[in-house]
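Number of protein chains: 2
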Amino acid sequence: MITARITVTLKNGVLDPQGKAIEGGLSALGFSGIGSVRQGKIFDVELDAKDDNTALGELNAMCAKLLANTVIEDYHVEIL
Amino acid sequence: MITARITVTLKNGVLDPQGKAIEGGLSALGFSGIGSVRQGKIFDVELDAKDDNTALGELNAMCAKLLANTVIEDYHVEIL
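Note that the protein sequences, when read in sequence, are chains A and B. The first sequence: position 27 = 27 (the numbering used here), numbered continuously. The second sequence: position 35 = 115 (the numbering used here), numbered continuously.
For the record, the hints were derived by calculation from the structure and aren't laboratory data. Heads up, a few of these hints could be off.
[Said to hold, decoys possible] Taking lysine-lysine pairs in the BS3-like style, the calculated list, with each CA pair at most 25 Å apart, reads: (1) A/20 x B/145; (2) A/20 x A/41; (3) B/145 x B/91; (4) B/91 x A/41; (5) A/41 x B/130; (6) B/91 x B/130; (7) A/65 x B/121; (8) B/100 x B/130; (9) A/20 x B/100.
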């Protein structure tokens, strides 16, 4: 069983209202000096594959088809 | 300006319906051999702090107060 972590983040320049809301929340709680907050997602996937390369291929296909919206998001796959 | 990545994941044993839905979605798309999928969140934070240790303290406080629900979630702070 291969364990991988997929990280999906918004591309630079794409507005992140959730991140902005968190920035506001942190300021309201008294945290100062915050430049920016951007939110992203991770997916910890366990899968059966004969080797790491096959797994990477599968995982990249999963990102392209379902896990990431490649118009506005970047993704990164890492085998753990 | 210090850049940090905060990773928030569900603790082991906590049900992850979103992850289960993604598992189902991937199977429906023809991906086989998936053991499990668990979803988490990341926050990329830029903040002004005099050194890394001060920043780590601030970031841990942010997690405890707002970013993570420590009853069901674990968090990890990493200075980039």
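Evaluated hints:
no. : hint          : verdict
1   : A/20 x B/145  : holds, 17 Å
2   : A/20 x A/41   : holds, 16 Å
3   : B/145 x B/91  : holds, 18 Å
4   : B/91 x A/41   : holds, 16 Å
5   : A/41 x B/130  : violated, 29 Å
6   : B/91 x B/130  : violated, 32 Å
7   : A/65 x B/121  : holds, 20 Å
8   : B/100 x B/130 : violated, 42 Å
9   : A/20 x B/100  : violated, 29 Å
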